[in-house]
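Number of protein chains: 2
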Amino acid sequence: MQYPMKRAFSKVSFPKYNKPEIRTEIPGPRSKQLLSEMNVLQETRTINFFMNTAKSQGTYAVDADGNVILDVFGHIASLPLGYNHPAMAEAASKPEWLPFLLQRHALGVQPPEEWPRELRETLMRVAPKGCSEVLTTCGCGSSANENAFKAAFIWKRARERHGSEPTKKELQTCMQNEAPGSPQKSILSFEKCFHGRTLGCLSATRSKPIHKVDIPAFPWPVCPFPRLSYPLEENQRENREEEDRCLTRVEQVIHTHPIPVAGIIVEPILAEGGDHAATPYFYQQLRRIATNNGIAFIVDEVQTGCGATGKFWAHEYWQLDNPPDIVTFAKKMQVSGFFLKGEFRPAQAYRIYNTWMGDPLRMLQLDVITNVIEQDNLLKLVSDTGNFLKPELERISRENPYLIANVRGKGTFLAFDMPNGESRDQFLFEMRQKGVHMGGCGENTVRLRPPLIFCQQDATVLLETLETVVKNMKVSGNHRESAPTH
Amino acid sequence: MQYPMKRAFSKVSFPKYNKPEIRTEIPGPRSKQLLSEMNVLQETRTINFFMNTAKSQGTYAVDADGNVILDVFGHIASLPLGYNHPAMAEAASKPEWLPFLLQRHALGVQPPEEWPRELRETLMRVAPKGCSEVLTTCGCGSSANENAFKAAFIWKRARERHGSEPTKKELQTCMQNEAPGSPQKSILSFEKCFHGRTLGCLSATRSKPIHKVDIPAFPWPVCPFPRLSYPLEENQRENREEEDRCLTRVEQVIHTHPIPVAGIIVEPILAEGGDHAATPYFYQQLRRIATNNGIAFIVDEVQTGCGATGKFWAHEYWQLDNPPDIVTFAKKMQVSGFFLKGEFRPAQAYRIYNTWMGDPLRMLQLDVITNVIEQDNLLKLVSDTGNFLKPELERISRENPYLIANVRGKGTFLAFDMPNGESRDQFLFEMRQKGVHMGGCGENTVRLRPPLIFCQQDATVLLETLETVVKNMKVSGNHRESAPTH
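Here the protein sequences line up with chains L and D, keeping their order. My numbering puts the first residue of the first sequence at 2, with every later residue one more than the last. My numbering puts the first residue of the second sequence at 2, with every later residue one more than the last.
Pulled out of the complex, with its shape left as it was, chain L reads as follows (with noise of 0.2 Å):
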């Protein structure tokens, strides 16, 4: 079940496809034949594409119609080796993945016996520093964070209590939904953050209001979240006081909210609310507040993590002495739960819990994809095609002020505003009609997250074609000629 740690992969090359090659409109009719087939039992509107999943091959995703199509958007962000890795497939062809494919495992009951070598070789090995744990894994991001909650919570009435036991009074209310024994406790989370959208994540998400709204929440504090100027070198002090006035609002907040705050949680770059990211400094600051005031320091890397940054963890950026109490995972690694600092290990059993625990199946991917990181160096490739995107997108950016504004991120983690959410939208299909898939975030960003092999030959096609739907743009004038917003 465990591949040696430094197995040569050798540097994976993808023969099978170097650029778009497009055959009808996307989606085309094969895509739109689906399309109304699937709406009869399910939603479709949010559906850009159906896949031919077996011919895509690597950065090239192959859709229904056979169009071949760079995937800079990945499954919002959830693909971290391409399509069809080879070194996937050789692992998936070994006789150790059945028994895990054949059925699921309720991991907290009979687990499998290479569960904790799993845990320990392939998930503590990339475990952020400071967390010796990880408690649990679960089956989606929303999941992880629900759990994350709990465990700030758990925590938090334990120490209220001086770590003794729940009292009678308190195991006797809870079951009545009422204090103290389910207490006024909130998590503090951040304007346009986004955690996920089960009741609790989602009284925690700030993102859009279609996200949140008809949909009962706890009153839980919201505090702004630092909007930066850029370029980040030009615009320093201002940087600063914008910061330095969200984190005054932090501590005010957790001052006089009516319920006491057990939890921040924060995103290194609030990626569904319009990638915004603060600098370490406000990421330090925040550090300090929790652990001043006895509160949980939550770090969501379901989106950032994985590597799309540079770092395998992107709060690795920060620098912070005092590591996060807990770190949300989900998303690239293919298998969703939580790091934590062993002091936020429940001290009974059965409270963070349930029947499958994630699956098991899905961490031997992510086995697969470790190793691949390490021995292919894709956090360099991520660094060094970042290194040259970046600076091409400020150039466009710089010729095309009006359509192609704020230029930001870390390695391929990278975002661009558009005049308004139309143009944003604009862009998008026509970007998709030329054979590049990317995504949108926030009122008018559009965010890149390609997987991290991709490679400045695909950063190119991604530009050129970029440079042409702008262009084109410009000339159609399909766009508010206006100073962008933010």
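Keep in mind that the hints were calculated from the coordinates and are not lab data. None of the values given here were measured: they were computed from a predicted structure. Don't take every hint at face value.
Which copy? The list can't say, so a pair holds if one copy fits it or any two copies do.
With a straight-line cut-off of 20 Å between C-alpha atoms, the simulated EDC-like cross-links for lysine to aspartate or glutamate are [unchecked claim]: (1) K169 x E444; (2) K33 x E468; (3) K170 x E192; (4) K56 x E97; (5) K170 x E243; (6) K342 x E44; (7) K472 x E171.
Position chain D against the provided structure of chain L, taking the given hints into account.
Chain D alone, transformed into the frame defined by chain L:
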């Protein structure tokens, strides 16, 4: 990807094991070593033993110490076809599975072209009567229930707005987690119910304090669930009175609870809470109350679904005129999600959505499962085995009234009570030492959750072992000689 609907799977036999083979205590030395390795990284007190999954076959689990154990717990009711079923092994060896093994799809953005067919021919093929859609698949049972709650809230608010879009004020206030955008709406559930452990689900769950304490909860209403007296035939009048008492309380709560009820959620058998069921009359009346009050009627079939009661869905026993509005599933289905009536699909896109939206690989497993259930007539096997097993358990109960009481359930989804939690736990431990793995639920209940292939021969092994253990417990007096609690 799809298997012929009428493919002959041939009656499958599992010749490898037909009785337990015990070499060590359980957990044995190897499992204990693995427990101590794993405990450094994760909670382990819930684990019974580690599995050698590849060697396990049919209804028999092989543990890390080589013990061959009859599995009557089946990964908390999650093992439909037993271990390494030959039809599953044959299907999984097909190249069509490989693309779903090598990467995960964002099913709401760029799903595989096979997905509409899988939804139609795998999931909708087993859709409960009256449910015309399946929205969405997701990663675990809790996520299914969370999304079902969201569908109920969205439906309720849309009705209250007479189908209009959310107002500007609603879109603004929801970003602050305030009414009217974050509405005061509730889900009504029942004492001892279990609907999952994420914060929304946990607000409905009322199983045990240790599941709930220290976690904030929405102030949602709870109602008593009927406690029937067994055998049912001898207690019809009392049971009807008990059910009417609970129904009256449901109506009272709906009309008086300060937070308006948007949905009622109920399990056909309250499984985690102690395997309590009501008669069809109760559920028929509950459905009527929901309809009359404009409340969504949600049936949680996470544990009861997929055949273990002798019907594919346990709520088929109720013979409702008006089917449930929403039916949630997970466990034996290998995928989780929920079926619904068309009117419960939100009018807007992106409201019930996430990145993975489940796992198409596990859908391929479900395709095999539903085919084998049909081809091998497993619902009949479940009924036949249950019809053999239940009277035998009732006989043992009559012979040991202070140790085994209240034998109940449908198909092989059976349960009985023991005098108290200690004797129940002692019983489970002794059974496991003799090579029969069973589970507990509630305070003092033993639950049977074997795979659907569990046959009379397996049931005989179970019964013989059970009688030996019960006899030893009587001789040793290792139980409280008092009337059984129920």
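Taking the hints in turn, this is what the structure says about them:
no., hint, in the structure
1, K169 x E444, "between (49 Å within a copy, 17 Å between copies)"
2, K33 x E468, "neither (28 Å within a copy, 62 Å between copies)"
3, K170 x E192, "between (36 Å within a copy, 18 Å between copies)"
4, K56 x E97, "between (25 Å within a copy, 12 Å between copies)"
5, K170 x E243, "neither (45 Å within a copy, 28 Å between copies)"
6, K342 x E44, "between (40 Å within a copy, 13 Å between copies)"
7, K472 x E171, "neither (65 Å within a copy, 40 Å between copies)"
Checked against the numbered hints listed earlier, the structure breaks hints 2, 5 and 7; every other hint is satisfied.
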